[in-house]
Structures are given as C-alpha cells and as structure tokens.
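Student: Let's have the full structure, built from the sequences with the hints guiding it.
This is what each chain is made of:
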Amino acid sequence: AQKVTQAQTEISVVEKEDVTLDCVYETRDTTYYLFWYKQPPSGELVFLIRRNSFDEQNEISGRYSWNFQKSTSSFNFTITASQVVDSAVYFCALSEWDNNNDMRFGAGTRLTVKP
Amino acid sequence: DGGITQSPKYLFRKEGQNVTLSCEQNLNHDAMYWYRQDPGQGLRLIYYSQIVNDFQKGDIAEGYSVSREKKESFPLTVTSAQKNPTAFYLCASGWGQTVYGYTFGSGTRLTVV
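In the order they appear, the protein sequences are chains B and D.
Note that my numbering has the first sequence beginning at 285, numbered continuously upward.
Note that my numbering has the second sequence beginning at 16, numbered continuously upward.
Don't read these hints as lab results, they were simulated from the structure.
Hints may contain errors.
Stated by the list, open to error - Beta-carbon label-pair distances, calculated as ranges:
1) B/F331 with D/G78: 24 to 34 Å
2) B/T396 with D/D69: 34 to 44 Å
3) D/V128 with B/R334: 32 to 42 Å
4) B/F338 with D/K29: 50 to 60 Å
5) B/E301 with D/E77: 15 to 25 Å
6) D/Y25 with B/K287: 47 to 57 Å
7) B/S355 with D/E84: 43 to 53 Å
8) D/K85 with B/I344: 34 to 44 Å
9) B/T396 with D/E84: 26 to 36 Å
10) D/V67 with B/S345: 33 to 43 Å
Virtual Cβ for every residue (Gly too), placed ideally from N, Cα, C.
Tutor: The structure is reproduced here in structure tokens:
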C-alpha cells in the first residue's frame with residue numbers, strides 16, 4: 285500500500301534561514317506522482333509541485349526547490365532565504381497510476397518562520 | 016474565476032444533530048473528494064465521486080453520507096453516528112485521475128458543542 289511519511293511535525297526558523305522539509309514515500313507501483321501542497325492559515329491547500337516517477341531532475345522555482353531521489357524514496361522540499369509568509373503547514377502526497385481513486389497525504393509539517 | 020466554494024467556514028453542532036457541509040465547484044471537474052483533517056494526522060479520505068450519481072467510500076466513511084446529484088455539487092452530511100465529528104473538512108475536485116492533482120476548497124471547521 286502506498287504511504288507517505290513526513291517525520292518533521294514542526295519546524296521553526298528565523299527569517300532568511302534555509303529550511304528543508306523531508307518526505308519519504310512507499311509504493312509498489314513503478315508509475316506514480318508526488319506532490320507538495322502548502323496550507324496557509326486560511327485553510328485551503330495550495331498546489332506547489334507535481335513530479336512523476338520517471339523524472340528525477342531537481343526543480344527550482346524561485347526560492348523553492350525540490351530534490352527527488354528514487355534510490356532513497358524521498359522527495360524533499362527546500363525553501364531558501366525563508367520569509368514570514370512561508371509560515372504554513374506543508375503536505376507531501378503520493379498518487380499511484382494503478383490506484384486511481386486515492387491520493388495519500390503525509391501528516392504535514394508545520395513551518396514557522398519568525399521575523 | 017473558477018474554483019471550489021465550501022460553506023460555511025465555521026459550523027457548530029449540538030451532539031445528536033446531523034449537519035450538512037456544502038461544496039460547489041465551477042471548474043467542470045468530473046471528480047470530487049471529501050477529506051477530514053485532524054492535527055498531526057494529515058488528510059484522510061471520507062468519500063469520493065468520479066461521476067454524477069455515483070460515489071465511493073474512502074478510509075473513514077462511517078458516520079458520514081454524501082450525494083452527487085449535480086456535477087458541480089458534492090455535499091457532505093455528518094450524521095449523529097459519527098463519534099468524533101469535530102475536525103476540519105476539506106473538499107477537493109479533479110479531472111478524475113488523482114495523478115493530475117486536486118484543487119481544494121478553503122475548508123469548513125466543524126465543532127460539536
């Protein structure tokens with residue numbers, strides 16, 4: 285069965301620090317997709333990135349970057365030069381091509397960025 | 016603008032009462048989902064619907080019911096049979112294959128008093 289583990293429950297950093305949020309997944313499927321969502325205090329989950337299992341290239345989007353390593357079943361998320369507005373709960377999620385009816389979410393990591 | 020609307024944002028219910036949470040989308044998405052969020056537990060799937068007039072149970076369907084009479088609407092009823100209904104409820108929609116991801120609503124926080 286698919287599973288996503290976010291071992292870091294809460295992280296607190298000071299503004300301008302870099303921070304990495306860890307995500308480890310389990311799946312038997314060879315075709316799958318990984319996601320990161322951000323949940324600000326307003327409540328809705330905001331899509332950040334989607335990555336398929338055949339694309340291990342790292343991705344950078346502004347201050348955000350993602351490191352996908354199939355060898356360690358990890359899809360980590362790094363925020364460079366963090367800002368107060370980055371404070372939120374971040375969820376990693378996994379969807380398998382052969383299990384079309386469900387997306388599995390990790391427990392989430394609450395990031396607090398202090399000024 | 017297209018999106019998902021959940022209402023109300025906050026809901027209070029007395030024990031023993033049923034309550035219905037609204038979810039409406041204008042994204043023309045085929046699939047809709049209900050998740051429950053509890054602190055430290057991530058999102059757990061309650062029900063989902065891939066097409067109108069059809070829906071399936073998720074991991075924690077007991078004490079909940081849904082309907083899908085229109086493509087745009089997927090209301091969730093929290094019944095008195097739900098033992099611990101106080102939680103944050105999120106509705107999502109998508110194109111029917113989860114690999115494409117979801118669009119989420121802003122959630123409803125239900126408190127039983």
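Student: For a quick check of understanding: which of the numbered hints are violated here, in increasing order?
Tutor: 5, 6, 9
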